Every structure is written in C-alpha cells, then in structure tokens.
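J.: This is what each chain is made of:
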Amino acid sequence: MSSQLAEFDELKWTHSVKRLDKPSSYLLRKARRNPHGLEDLRKSLVSSTIYVGNLSFYTSEEQIYELFSKCGMIKRIIMGLDRFKFTPCGFCFIIYNEPREALNAVKYLSDTKLDEKNISIDLDPGFEDGRQFGRGKSGGQVSDELKFEYDAARGGFAIPLAQRIAPRFGNGGGNGNGRRRGGRRQQHQQHDQQYDQQYDQYQPEQEDNYHSQFDNYVPEDAMGTFQSRYAGAETLDAVPAEAPASEAAAPAAREEEEDSYMPE
Amino acid sequence: MPSELPLQLTHPLFSLAESTSTKPKHVVQDSKDHNRDLDRLLARFKLYGNDPKYIVTECDNLLDSVVSYGFASLFSDIKFYLVIRSHIFEQAYKQPAIAYFILRSCNNNETIIDPIVKFLVSEFQLTIQKLTQPDIQSCSEIGPWTEIKLLIRFTSLLSPIISLQNILYIYRTTLSLIKVVFAHVEQSSDWYQNTIFTNTLFLFFFDRKNRILLYEILSFLVSVPNSSEDDESFVDLLEVFCFQNRTQHSSRFSIKEVKGILYRGLSEISKIFPVWSQEITFPATVKYTDEIKLELPTLEEVSQSYKKDHVFSTVDRVWQGYNNDIAGDDDAATLVSEVPAEECKEFIGYIARDDTINLVQSMEFNKKEAASHLFNMNQYAISETGPEEETQMNEKPAHTEKTQLLREVPIKEIVHLLFKLPLSIHPRIYYETLLLEICKCSPKVTAPTFGRYFRHFYQNLSYLDYESTIIYEEWFRVQLTNFGFTWKWDEWIGDAERFREQIYHPKRMFQINLLKRLSSCTSNTHDLRTKLPFVFHDHLDSRYFGPTSMARYLDVQFRMDKNACNIYDSGLLYLQACFPFNGDVYRILAYMQDRENDKEEHCNERQLGRMVDNIQMSHYGFFRDFEAFKIVLLIQCVCHCGKRSLSHVINYINRMENRLLDICEKSPIKQNYKEFIILDSILRYFNNNSRTGFIIVNSFKHIGFVSDSIILEFLFVEIDNGVRVITSYDARQYLLTMLEEHISLPKPEGHLFVKAYRLALLVVKQALDELQVSKDTTLTIKECKGASDDETYDDINSLNKLNTLWKYFESLKLIKCLLRKFFVVYKHLSQILLGLIRKICFVHDQTINTITSWVEECNNLN
Numbered sequence: 001m002s003s004q005l006a007e008f009d010e011l012k013w014t015h016s017v018k019r020l021d022k023p024s025s026y027l028l029r030k031a032r033r034n035p036h037g038l039e040d041l042r043k044s045l046v047s048s049t050i051y052v053g054n055l056s057f058y059t060s061e062e063q064i065y066e067l068f069s070k071c072g073m074i075k076r077i078i079m080g081l082d083r084f085k086f087t088p089c090g091f092c093f094i095i096y097n098e099p100r101e102a103l104n105a106v107k108y109l110s111d112t113k114l115d116e117k118n119i120s121i122d123l124d125p126g127f128e129d130g131r132q133f134g135r136g137k138s139g140g141q142v143s144d145e146l147k148f149e150y151d152a153a154r155g156g157f158a159i160p161l162a163q164r165i166a167p168r169f170g171n172g173g174g175n176g177n178g179r180r181r182g183g184r185r186q187q188h189q190q191h192d193q194q195y196d197q198q199y200d201q202y203q204p205e206q207e208d209n210y211h212s213q214f215d216n217y218v219p220e221d222a223m224g225t226f227q228s229r230y231a232g233a234e235t236l237d238a239v240p241a242e243a244p245a246s247e248a249a250a251p252a253a254r255e256e257e258e259d260s261y262m263p264e
Numbered sequence: 001m002p003s004e005l006p007l008q009l010t011h012p013l014f015s016l017a018e019s020t021s022t023k024p025k026h027v028v029q030d031s032k033d034h035n036r037d038l039d040r041l042l043a044r045f046k047l048y049g050n051d052p053k054y055i056v057t058e059c060d061n062l063l064d065s066v067v068s069y070g071f072a073s074l075f076s077d078i079k080f081y082l083v084i085r086s087h088i089f090e091q092a093y094k095q096p097a098i099a100y101f102i103l104r105s106c107n108n109n110e111t112i113i114d115p116i117v118k119f120l121v122s123e124f125q126l127t128i129q130k131l132t133q134p135d136i137q138s139c140s141e142i143g144p145w146t147e148i149k150l151l152i153r154f155t156s157l158l159s160p161i162i163s164l165q166n167i168l169y170i171y172r173t174t175l176s177l178i179k180v181v182f183a184h185v186e187q188s189s190d191w192y193q194n195t196i197f198t199n200t201l202f203l204f205f206f207d208r209k210n211r212i213l214l215y216e217i218l219s220f221l222v223s224v225p226n227s228s229e230d231d232e233s234f235v236d237l238l239e240v241f242c243f244q245n246r247t248q249h250s251s252r253f254s255i256k257e258v259k260g261i262l263y264r265g266l267s268e269i270s271k272i273f274p275v276w277s278q279e280i281t282f283p284a285t286v287k288y289t290d291e292i293k294l295e296l297p298t299l300e301e302v303s304q305s306y307k308k309d310h311v312f313s314t315v316d317r318v319w320q321g322y323n324n325d326i327a328g329d330d331d332a333a334t335l336v337s338e339v340p341a342e343e344c345k346e347f348i349g350y351i352a353r354d355d356t357i358n359l360v361q362s363m364e365f366n367k368k369e370a371a372s373h374l375f376n377m378n379q380y381a382i383s384e385t386g387p388e389e390e391t392q393m394n395e396k397p398a399h400t401e402k403t404q405l406l407r408e409v410p411i412k413e414i415v416h417l418l419f420k421l422p423l424s425i426h427p428r429i430y431y432e433t434l435l436l437e438i439c440k441c442s443p444k445v446t447a448p449t450f451g452r453y454f455r456h457f458y459q460n461l462s463y464l465d466y467e468s469t470i471i472y473e474e475w476f477r478v479q480l481t482n483f484g485f486t487w488k489w490d491e492w493i494g495d496a497e498r499f500r501e502q503i504y505h506p507k508r509m510f511q512i513n514l515l516k517r518l519s520s521c522t523s524n525t526h527d528l529r530t531k532l533p534f535v536f537h538d539h540l541d542s543r544y545f546g547p548t549s550m551a552r553y554l555d556v557q558f559r560m561d562k563n564a565c566n567i568y569d570s571g572l573l574y575l576q577a578c579f580p581f582n583g584d585v586y587r588i589l590a591y592m593q594d595r596e597n598d599k600e601e602h603c604n605e606r607q608l609g610r611m612v613d614n615i616q617m618s619h620y621g622f623f624r625d626f627e628a629f630k631i632v633l634l635i636q637c638v639c640h641c642g643k644r645s646l647s648h649v650i651n652y653i654n655r656m657e658n659r660l661l662d663i664c665e666k667s668p669i670k671q672n673y674k675e676f677i678i679l680d681s682i683l684r685y686f687n688n689n690s691r692t693g694f695i696i697v698n699s700f701k702h703i704g705f706v707s708d709s710i711i712l713e714f715l716f717v718e719i720d721n722g723v724r725v726i727t728s729y730d731a732r733q734y735l736l737t738m739l740e741e742h743i744s745l746p747k748p749e750g751h752l753f754v755k756a757y758r759l760a761l762l763v764v765k766q767a768l769d770e771l772q773v774s775k776d777t778t779l780t781i782k783e784c785k786g787a788s789d790d791e792t793y794d795d796i797n798s799l800n801k802l803n804t805l806w807k808y809f810e811s812l813k814l815i816k817c818l819l820r821k822f823f824v825v826y827k828h829l830s831q832i833l834l835g836l837i838r839k840i841c842f843v844h845d846q847t848i849n850t851i852t853s854w855v856e857e858c859n860n861l862n
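Line by line, the protein sequences are chains A and B. Position 7 of the first sequence, counted from 1, bears residue number 7 in UniProt numbering, the numbering being contiguous throughout. Position 561 of the second sequence, counted from 1, bears residue number 561 in UniProt numbering, the numbering being contiguous throughout.
Here chain A stands alone, though its shape is the one from the complex:
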C-alpha cells in the first residue's frame, strides 16, 4: 500500500523546507489503510474543502467565518455535530470557492488560536453528507473520548473518573500492570495503544467505505446538511434533506425542537 503513496512519501528537494499545504501525517497514515487512499490524497490537494479540528464546543459559526474568511471567500461551513445530541463537538468543514483559498487557510491559520483553542487544520478531499457527525461511542469525536486532561471548552473529562482511575488500582483495563509508572508520557503511550485498538475495533456501519476519524458514523439521511450562501456564489437549490419516515425521523424532530428553543 505504501508504495502507492510514493509521490507523497518521497523526499522533495525543490524547496528548502517542507510545505504546510500538504496532507498531514495523519491523512497519510489513513491513506495507507485505505484502498482509495492515493486518490483521496490527490483530491485533497485540489479540493476547496478543509477540516478544522480542536475547536471549542462553544465556538460559533460566526467566529469561524470571521477568521477563515481572511483566506478567501467561504461558500459553506459545516459544523461537526455530536450525532446523538446534535450539538457542536469540536470540528467543522469549511468549503471555499477555490482550492487556492483552502490551501491558504492550511498554510496561514494552522496552529493559531480561535476562541482560545489552538486549532488544527487539514486538507480534505471533499465533504460528503453525513461526515458532519462525530463517530465516537458517545456521539462526539473519538479523540475526545480518549483524552485524560480536563478541557472545559471540549466537554470537560470525556472518560468517567472511575474508568480513568481503575487501571491504577489494578481493576483491569490499562496495560495490566497494576500501578503504572512513567507519568504522563506513559499515559500517552497507553492512549495511543487504546486509540489504535479502538480504531481497529470500532467499525462504522458501512464497512466498505473509508471513513476517517471524523467522518465515520453516518446515520443515513438523518439530517440535511446546512448550506450557506454567505458569498452568494453557490446556488442553493436544495433545502435540507427530507426527514425519513422511520428511525431517523427522531433526530430531525429533535432538530425542530432545538430550532424552537428560546434562550433565556
């Protein structure tokens, strides 16, 4: 598989330092596991879409628009949502008018702060309906379920305290060595192991399709995507997808409930 990605793996000598507008190591790692990985990577270089991660749950679309519109004309912002609660869960997709603008955002805005969080930006092959939902077991992002640090802006502690401290007292889980040593670093290594295990174990419903960390679980047609027309460049001929009649009707109804919610 890796030989397929030779064009992305080989060392480039044409620039004295590496470019930031290249697929991240995360995307490359995913591409290696995916039969269409190379195609996706190529697409991501000419795509107008970017993925923005590590957002605060409280960051609004307006704040995202304000920052990212400095790199180009934004066609659409798709907020990442908890797939059960339909609340922002710390990521989003931004679709620009031109691929150049998306690359600019990756180059210029990576690792800057938005709403007091250092955001991470990655290229993306293109948004598909359903990718706006978190694929973690609790409905949010998987990475949030694996974190140990308290982060008020991203839902506090993700793993209940009992589960987190259980390995320390040898109650199963962890690496089975009872009290762990090595402090944070070791914890992180364990994180990675857990993460890898979870990644391997947790299969999305549609196994044939490749899904990245942030595009995994999709309740099909559960919810229409929201298209915006800030710039008016895109003709919007579709209202959000029709709510399906059966199981998925509940989320749609819930959305309606939220729409009519009145702030105090």
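Calculated directly from the structure, the hints in this document are not laboratory data. You may find that some hints are simply not true.
[To be verified] Derived DSS-like pairs (lysine-lysine); straight-line CA-CA distance at most 25 Å:
1. B/K79 <-> A/K18
2. A/K113 <-> B/K488
3. A/K117 <-> B/K643
4. A/K43 <-> A/K70
5. B/K440 <-> A/K113
6. B/K444 <-> B/K53
7. A/K147 <-> A/K30
Because the structure is a prediction, the values reported are computed rather than measured.
Based on the hints, put chain B in the right spot on chain A.
T.: Coordinates of chain B only, in the frame set by chain A:
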C-alpha cells in the same frame, strides 16, 4: 496548488548529471544505500548555516562526510543542485555560508568547479527565458528579477573560482538585459539596477585582496548610470498615514553608495563583511575560464510578453512599491514616533532588509519555518556587527543601537508588507500570523518591539488611513486573541475618558470597535471583561443602533409607551409582553419552523400573509405604518428562526424566499424604501453583532431582496449622530468588501463606485457646512488633535466643532481610500469625479485641492 517548478523537465543539469556521473563502484552497486547516504547528507546540509557562530565548524564536519561520500558524486547529483537552488532563492541569507562550503569543496577537489559554474549559467539562462513568458507568475514564484538578483549575488560570492572576464560578462549582460526590457516598457529601471548591482560588493566577500577585480568593477560601475535623486514619485494615495508631509525614505542603498565603498579601497570593503568569513583564493589556472554565453531575448520577444502594466510576481512586486514608510518622520514632526525612524543605513542594514523581504515572500508556504529563519537572520545580522561585548548592567555596549535596529528589521519589514497599499502581495493574514509565529519564537525578546509598533499606530490613529486602520485593528486583534488578551489596557483609560463625547475621534472609534470585535472572538466574554478596566466594559456591549435610535424607531412604528419595552434586549423585540400581538409572532415562528409548510408552498404563501394580516385586524390602532411593520416582522422572524447559527439563518432565508418575495411584491411601499426597511430590520435584529448582520444582508442581497445601491445609502446614513460607514469598522469592512466583489466582476458597474464617491463627498460637504469654514481656511489635524488632547473646549459648541472636524478628516480619508483601492474603476471616471466636486459646490479650497490631487494621482496608478 503548491507549485513545483518543472525543473526536472527542462533543466540542462539532467544531461550534465548523466554524463559526468562518476560514482564510486561500491556506491553504484548499492544504489539504495547510495541514495540513503545522499538523502542524509542533504538533510544535514539543509540545517547547515542556521547558526552563524558555527558555520566554520559545521562546514568542516560536512566536508568530512562529503569526503567519504565523494565530492564528484555529490556535485554531479541533481538533488544537490536542487537543494542549492532552493537555498539560494528561499534562504538568501545563507548564501555566504553555502558559497563557503562550495569554495572549501573546490579546495578539496578542483574538478567540481566546472559543474557548479555550469549550473549557475544554466540557471541564469532559464531565468532570462522566464522574462519572455506570457505568464511569469506560473513559472517563477518569486519573480525573475529577484531570481536574477539572487543568482548574481551567489555568483559574486563564488568569484574566487570564476575568471574575471566571465564575472564582468555576467554583469554586463544583466545591464544589457535591464536596458532591453525597460526601454520597451518605458519605466524607470533605477530600482532594478540598484538592487542588482549592489551585489558587486559580494565579489570581495572571499576574494579580499584582488585589486584588479576592484579596478575592473569600478570601471564597470562607471558605465551604470546613477539613479536619479527624485525618481521616487511620491504618491499620497499610497501613503499609510494621511495629511502629513512626505516621509523621507531611507530604505535605499544605491549604486552611488556602492561606488563610495569601493573607492575607499579593499581594506574598507573587508570591514563590511561578517567576522566569521575569511579569504579564500584560487590560482588563475584553476578558475573557470571557459567563455560563458548567455542568450538575451530580442526586443520582439520582450515586447510580446512584457507589457507596460506587467504584473510582477511576489518579490519583484515588492521592489516596485517599496517606498512607503510607516515610521515617524522627525522633520515633518506630524507623527508621534514610537518606532525607530532611523534605519541602519549601512550595507549590512540594507542586506538584512533585503534578505528579510526575500525570505518572507518566498517562504510563504511555511510560516513556522519562515519565522524561525527570520529569528536566525537576526543572529546573522547581529553577528555581522561583531561579538557583543560583555558590559555592566548600566553600561551601554558600543554597538547596541545598531544591534537593536538590526534585531527589529524582520518585524519592521513584515509590518511594512502588511500595510502595503494599495494591495498586499500575499493575503494580509499571512503577515499577521507570521508576526504571531515570530512572537511565539521568543515572546520576551520580541514583545517590546511589537508593543512599540502597536503604540506607534495607536498614537498616530488620527493620521492613519481609513483602510490601514482596519488592517491595524485586525492585526492587533489577532495578536491579542493569541496571547490571552494581554495588553496594558490602563494606558488607554485617559483617552477613553477624554474622548468620550467625540464620536468621530479616531482613538475612540478604535477602542470601541476593537473591544467589540474582541468580545465576539471569544465565547468567554467574562474573562475578557475581567481583564479590562471598568471604563471599557460598555464598549463590549456597543450596538449598531444605540438606545436613542431604538427608542425613536419604536416611536415611529407603534402607538405605545416605549418605556414598557426593553430596548436593550437583542433579537426579536416583538416577543416581549408589552407587544399585544406577541402570541401571533410565536405562531408565525412556529409556522416558519414547520417543514410541513414547505410542501404546499403556493397555499402557504397566502397562509403566511393571512397570519400577518390578522395582527393588523386584531390590533388596528397599535401600528402607525403596518405595511412597513409587516416586512420588518417577517424578516426578523426569519432571522430569529435561524438564530442558532449562520447556516440556520441562511437555510430559513432559502426556505422562505418565495413566500417573503410574494408578500413583499404585494406591498404598496416603494421599492427603495422597502429595501431600506429590510436592511434596517436585519441589522436591528443583529444589533449587538452587526458583523453577522452584514453577512445576512449579503445573503438577502444575493437572492434579490436588497440592492447594492440601497446598501450603500444605508451605510452612509447617520445613526445616533454618527455616520456608520465611518464610526463602525464592520460597516467600513462591508463597504470595502462589497465594492471589491464588484470589481472582480467582468464588467464592474461604474455607477456604484461613483455613488460611493458622491456619498462620501456629501459627508465632507456636510461637515464643512457645519464648520462654516470660509474659502481659504486651513484645517489641520494638528490643531484639531491639540485641542482635543488638551481639553481646551469649554462649551458644547466647541465640542461639536471638534467632533465635526474629526468627521471631516475621517470622511476625507474615506475618499482617499476609495480612490486608491478601486483605482482600476475610478481612473476611467476622472472627469465625472472632478465634475462631482464642482456639482456639490464645495467652497473650501483646501478640500477641493486635496480631492482633485487624489483624483489625478488615481489616474497614474498602475
């Protein structure tokens, strides 16, 4: 798309590499190992020269590795040349270090002189060819002239291995090239000559005792004409600060100065080079003596591709506009100088600036690396002034001032590029985040410099250009949001209290807008509030429509006790209990939120209309103008339904589009007024967040509810005694964005630009009428500033007069900004623009002359 130059297809070095490959046997046998070794070596080479203190040691270590790898093998590999090439262009400050490595390599193995010189010649030829390409941008990221400059610099550094005839040939050919190209485009070539031929000093970097070279170069430079003293045509429109005398541009280092250094002799020349460099010479028999031949383009070839208004790419473009200064000007004594106006005028200062610009522009694809290299460059520049002597705490080292100036060079140059007018070469956010990265490198070292720049702009806000004020606010905001809103807010308390009543005072406007926008950058406004002095707390809640305007608005619409309504509430006011029809409003909201109603749209158009009409029937006497209110209510209900996010609002706009259009079309109100009501109701709904309001206005505009013309008029309306297009930065930004959108159209509508200009003129006229100035009165910011700073006004009339004076200057700044930013359109409308000045009947000579001169300057902008 990241561009990779098609070097591999065209570069003659490929054939060179194949033909001269003399790889050792064991390397050929195991090509994988060979490649791996090479990759490791080149990876080390990329780090070489990062620290000027260790150049010699690092070079020794590298040479040891090359000995085991093979000099011939390395110098015949295309990868090595690609690395050299990328460093020459992207990290120009490392050129002396690389040249040092090459010369030391040549000392070890003389056979490598041939391929290295051939590489340089082929690069020259390729770059010259780029000048004849129709689309220069696609074939050269940094621009062919910059490439030529950097290649010449590198070739000059390698003078010990190149024969004198060949060096002179390269310089003469470049001079011919400049003459050919600039004769065709009828432009001054002074900037290009100065920048390229300053490199002659680098000929002596390693070859320090070559008297013949000195004599020949001096003879050559005599043939290069000195640049004229007045070649910098001063364009007021392009100045970052307005209404002040021309700043003295000191960033130039011309051929005249180069000649001066050369005339002083070789011993003086040696002093300009860094302490680590040393003399390296080669016998004449070893030097590259084969005749170098470069093919120049013909006049015809140049004329086909090189147009008069040629768009230069990146660094080339910097040269053209590199004359606006942001530092204070002591002679003019208008600006309060917080940043050093005095440049480091020596050669070292010039090179530090030049290298900074090259690096900032060419390494745009990696801001982090660019920042770290700029930090290294500081070390370079400082090391070139000699080692810093250890001094007592209170004692000032001999060259501290020069060192300090050099330390600030990168920040100063980036700030220059950030504020470059009329257009920035890269998106401004790049420079903002690059400055951020530099600050992250070492906050303690850089923070004082940043502080000085922020204070410099703040102190001179009265002079700061209309658009530059927004740039400054954005840069400041980006910096603050990334560093936890840390600023010495107390510094501004005095200004906040002094200018509380002057709504047009630039400092007051800046404080209000900055704080308002900062508060919308965070979802934790409480944190921000705790960091601010009490006097600024009100600014966080400032609104587009103040309480007076809201009270009047309700008074015009309803027959009610306006005190019953909480006008400080944001969003949909009509849900408050004081409005007897609030139940109907809830029903309309429920109707809009129900997707079932989208299905039979035709029936529902009437249903929605009926629901609104019911309100009128039930509460007939309550409304003064129900037709207008009907539109207000529907528009605000749509906004309210989608209040969760921008996408939601836009989603509801799309869903309700036809129904709203139907009701609006049936309304008997005149179209212009109707559009005005729509605009007004959107912005009143988003009263505490006008930026979101303007985004929504844009959405309504694109589905045809409001026109640009009405938006323009709306922006110029006076609300709460303030013209919002001046007092609100959101309105300022929206005006410029809207006109920018138009200019990108294939055929921009000229009338819209004329209207914007006319409306701005009317604001100036209004201010002049209020001031009641005579024909020959001279108005200056200095007087106005002095009066307001010293609080000399003693009654309300003086205060009003002062406020109107600020209004006058700010509206003039707006005109200047319009003419500069949209000169592409305005330059074709100069007669209309001049005619409008007469038509509006200005009687004030100073105003007429100022605007007329700007219109004339606008005609000459390219």
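J.: Are the Cα positions of A/K113 and B/K488 separated by 25 Å at most?
T.: holds (21 Å)
J.: With the threshold set at 25 Å, check whether the alpha-carbon distance from B/K79 to A/K18 stays at or below it.
T.: holds (15 Å)
J.: Does the alpha-carbon distance linking B/K444 and B/K53 stay inside the 25 Å limit?
T.: Holds, at about 22 Å.
J.: Check the hint pairing B/K440 with A/K113 against an upper bound of 25 Å on the C-alpha distance.
T.: Holds - the C-alpha atoms of A/K113 and B/K440 are around 12 Å apart, at most 25 Å.
J.: Take the C-alpha atoms of A/K147 and A/K30, compute the straight-line distance between them, and say whether it is at most 25 Å.
T.: Cα-Cα ~20 Å, so holds.
J.: Given the hinted pair A/K117 and B/K643, is their Cα-Cα distance within 25 Å?
T.: Between A/K117 and B/K643 the Cα gap is close to 24 Å, so the pair holds against 25 Å.
J.: Hint check: A/K43 vs A/K70, CA-CA at most 25 Å. Holds or violated?
T.: holds (24 Å)
Of the numbered hints listed earlier, not one is contradicted by the structure.
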